[in-house]
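Number of protein chains: 2
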Amino acid sequence: MTDTVNRILISDFESLVRARLKKLLSTAPAPIKAQTLYLSKSQGKNIRAFSLAVCASDGETLRDETVGAASAIEMLHLATLVHDDIIDSADKRRGVASLHKVFGEKVAVLCGDYLLSAALVSAFELSPSRFRRSDELGTVLAKQLSEVCLGELRQNDNYRNFSISEREYFKIIEGKTAALFKAAYLSGFMLSDEADEYAEQYSELGKLTGLMFQLSDDLLDYELSEKQAKKPVLADYTHGVITLPLIYTMKNDPDLKTIAENGIAPDKLRKMVQDAGGIDYTERKIDNLLKKAEKIIKNLSASDSKKELLYRIAMKSAGKN
Amino acid sequence: MTDTVNRILISDFESLVRARLKKLLSTAPAPIKAQTLYLSKSQGKNIRAFSLAVCASDGETLRDETVGAASAIEMLHLATLVHDDIIDSADKRRGVASLHKVFGEKVAVLCGDYLLSAALVSAFELSPSRFRRSDELGTVLAKQLSEVCLGELRQNDNYRNFSISEREYFKIIEGKTAALFKAAYLSGFMLSDEADEYAEQYSELGKLTGLMFQLSDDLLDYELSEKQAKKPVLADYTHGVITLPLIYTMKNDPDLKTIAENGIAPDKLRKMVQDAGGIDYTERKIDNLLKKAEKIIKNLSASDSKKELLYRIAMKSAGKN
Numbered sequence: 001m002t003d004t005v006n007r008i009l010i011s012d013f014e015s016l017v018r019a020r021l022k023k024l025l026s027t028a029p030a031p032i033k034a035q036t037l038y039l040s041k042s043q044g045k046n047i048r049a050f051s052l053a054v055c056a057s058d059g060e061t062l063r064d065e066t067v068g069a070a071s072a073i074e075m076l077h078l079a080t081l082v083h084d085d086i087i088d089s090a091d092k093r094r095g096v097a098s099l100h101k102v103f104g105e106k107v108a109v110l111c112g113d114y115l116l117s118a119a120l121v122s123a124f125e126l127s128p129s130r131f132r133r134s135d136e137l138g139t140v141l142a143k144q145l146s147e148v149c150l151g152e153l154r155q156n157d158n159y160r161n162f163s164i165s166e167r168e169y170f171k172i173i174e175g176k177t178a179a180l181f182k183a184a185y186l187s188g189f190m191l192s193d194e195a196d197e198y199a200e201q202y203s204e205l206g207k208l209t210g211l212m213f214q215l216s217d218d219l220l221d222y223e224l225s226e227k228q229a230k231k232p233v234l235a236d237y238t239h240g241v242i243t244l245p246l247i248y249t250m251k252n253d254p255d256l257k258t259i260a261e262n263g264i265a266p267d268k269l270r271k272m273v274q275d276a277g278g279i280d281y282t283e284r285k286i287d288n289l290l291k292k293a294e295k296i297i298k299n300l301s302a303s304d305s306k307k308e309l310l311y312r313i314a315m316k317s318a319g320k321n
Numbered sequence: 001m002t003d004t005v006n007r008i009l010i011s012d013f014e015s016l017v018r019a020r021l022k023k024l025l026s027t028a029p030a031p032i033k034a035q036t037l038y039l040s041k042s043q044g045k046n047i048r049a050f051s052l053a054v055c056a057s058d059g060e061t062l063r064d065e066t067v068g069a070a071s072a073i074e075m076l077h078l079a080t081l082v083h084d085d086i087i088d089s090a091d092k093r094r095g096v097a098s099l100h101k102v103f104g105e106k107v108a109v110l111c112g113d114y115l116l117s118a119a120l121v122s123a124f125e126l127s128p129s130r131f132r133r134s135d136e137l138g139t140v141l142a143k144q145l146s147e148v149c150l151g152e153l154r155q156n157d158n159y160r161n162f163s164i165s166e167r168e169y170f171k172i173i174e175g176k177t178a179a180l181f182k183a184a185y186l187s188g189f190m191l192s193d194e195a196d197e198y199a200e201q202y203s204e205l206g207k208l209t210g211l212m213f214q215l216s217d218d219l220l221d222y223e224l225s226e227k228q229a230k231k232p233v234l235a236d237y238t239h240g241v242i243t244l245p246l247i248y249t250m251k252n253d254p255d256l257k258t259i260a261e262n263g264i265a266p267d268k269l270r271k272m273v274q275d276a277g278g279i280d281y282t283e284r285k286i287d288n289l290l291k292k293a294e295k296i297i298k299n300l301s302a303s304d305s306k307k308e309l310l311y312r313i314a315m316k317s318a319g320k321n
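Those protein sequence lines, which keep their order, are chains D and E.
Read in this note's numbering, the first sequence has 139 at position 139, and its numbers run on one by one without any break.
Read in this note's numbering, the second sequence has 35 at position 35, and its numbers run on one by one without any break.
Here chain D stands alone, though its shape is the one from the complex (with noise of 0.2 Å):
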């Protein structure tokens, strides 16, 4: 750490990034710029460079280049994004038409390529001489996403399986969702002056985090008709991916099974996986995980505003405001 650190306020953090995001896809190469551009008019929540910029925080500011650290992993997430519309055959993504329905899919799987690699090359930019570990930036990102690549694998390995058991529908979701959420813990972990011996106390909060993200997320087509979700819902079971409350259900129920795998209206399989416990076994996995998470990090040597931070991230992802 020879060179001068610069700070910056973590509440001047999410306009940082959304800015830095946005002149990353308008000013990209002429061959993708039509498409990058088309990306930068939607963005996320940024939750994962939200929960990078606490974990490389001392609850109050953190160094500058976290900006590009975080930019760099939602340009990862972007990417995946691309492609799993693709895979998906997705016809919206955060509320506008996505990629591949805009551009073809030819583009779309170019599109994500470049994102992946530009993201990958972002990371690798930042000087390594700002983390305090033997490990880049750039390598934990591309081994996360290679664990998100294996998570999608497995969850098309079990297209239409309503036989799925819970343990592998977890190694799935550890993949698929709860990799990045590793990733951006870890290299906020990095970035911060938290000791060594933390590591794998802030990559396992960040597996724990994207855990209970993906099932708040799965509980929300079971809860919510179609009118009060205000958007499509139970996409995942016309997909043929089968999450955890149907999981519970199916398990306790061989006819319920039965039920679900000959098709049912989406009102009536909720209200079925209602009945049965599937909701409320969902939530108390979430409650679990959660209690896992609070346990992290109260043992952890941060601040207590960082801990306070870190612990409404866990809240939100647990779907708990």
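There could be a bad hint or two in this list.
As a list, the in silico SDA-like pairs of lysine to any residue whose alpha-carbon atoms are at most 20 Å apart [unchecked claim]:
1) D:LYS106 with E:ASP196
2) E:LYS101 with D:ASP157
3) E:LYS171 with D:ALA30
I should point out that these hints are in silico values taken from the structure, not numbers from a laboratory.
On the provided structure of chain D, position chain E as indicated by the hints.
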């Protein structure tokens, strides 16, 4: 360079890389194993790996970790082929059914992403202390991968563009083909004992070699009949990809442009391009590139045996065996 450096013979290199690639592909995690095993059964000629090895060598021997670097670049190349075949709707690759034909497009998108991230991870796991420059192998690979994507996107933008300029065509192949050769030459140099000041020459030599490689591949389409080539020829033209022999032909005779645009049988197109001098022109271009490559090789500070090997790769890429 504090670690002990183990050196291997160039003559042992090819079988070591083949074995390493086979191992990497056949020991992949469960969700991707069927696909990587399938891919491991039809290895290519590993010309990028061999180029990297020669650049890393002193003409006789090279550091043993060159095997890992070369395997990473071949895996990255393989990842781009898997996605290319989806994009080109290609049925075959290296004589066997292409991955997406066997496992479906969704799995092929994910498999490409997995190979890509795994290649970068394996590149980063090579001890950075072995490289003399601040740029790491993974960074070089990720950067050149983004250039490959841009080249492919340019090619896609020029689908059935019969007015494509020679300049635009060279931009396409500089990305889609030459970028990975550039990466191979540069990473080889990084693992060599050559003086730092030669980095640019190795990079340029890689680019020239990649351009010649692509041009002579394009030429094959116009030189051989289907019977002679023992595979479908003029597939590029059929897929709306216009290459240099035809670009030259159309530029010099607007009537021939109209004919090509309206569609013409492969054998007639071949004769038309041959008669119009499209082959001769492309061969002259290759000869010019080869002269430039020779000049660079001549001015390197490398051993005579290394220069000889570099020259042989250039000749082979130029289609002059």
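Here's how the hints hold up against the structure:
1. D:LYS106 with E:ASP196: With Cα atoms ~40 Å apart, LYS106 (chain D) and ASP196 (chain E) exceed 20 Å; violated.
2. E:LYS101 with D:ASP157: 17 Å, holds
3. E:LYS171 with D:ALA30: Answer holds: LYS171 (chain E) to ALA30 (chain D) is near 12 Å, not above 20 Å.
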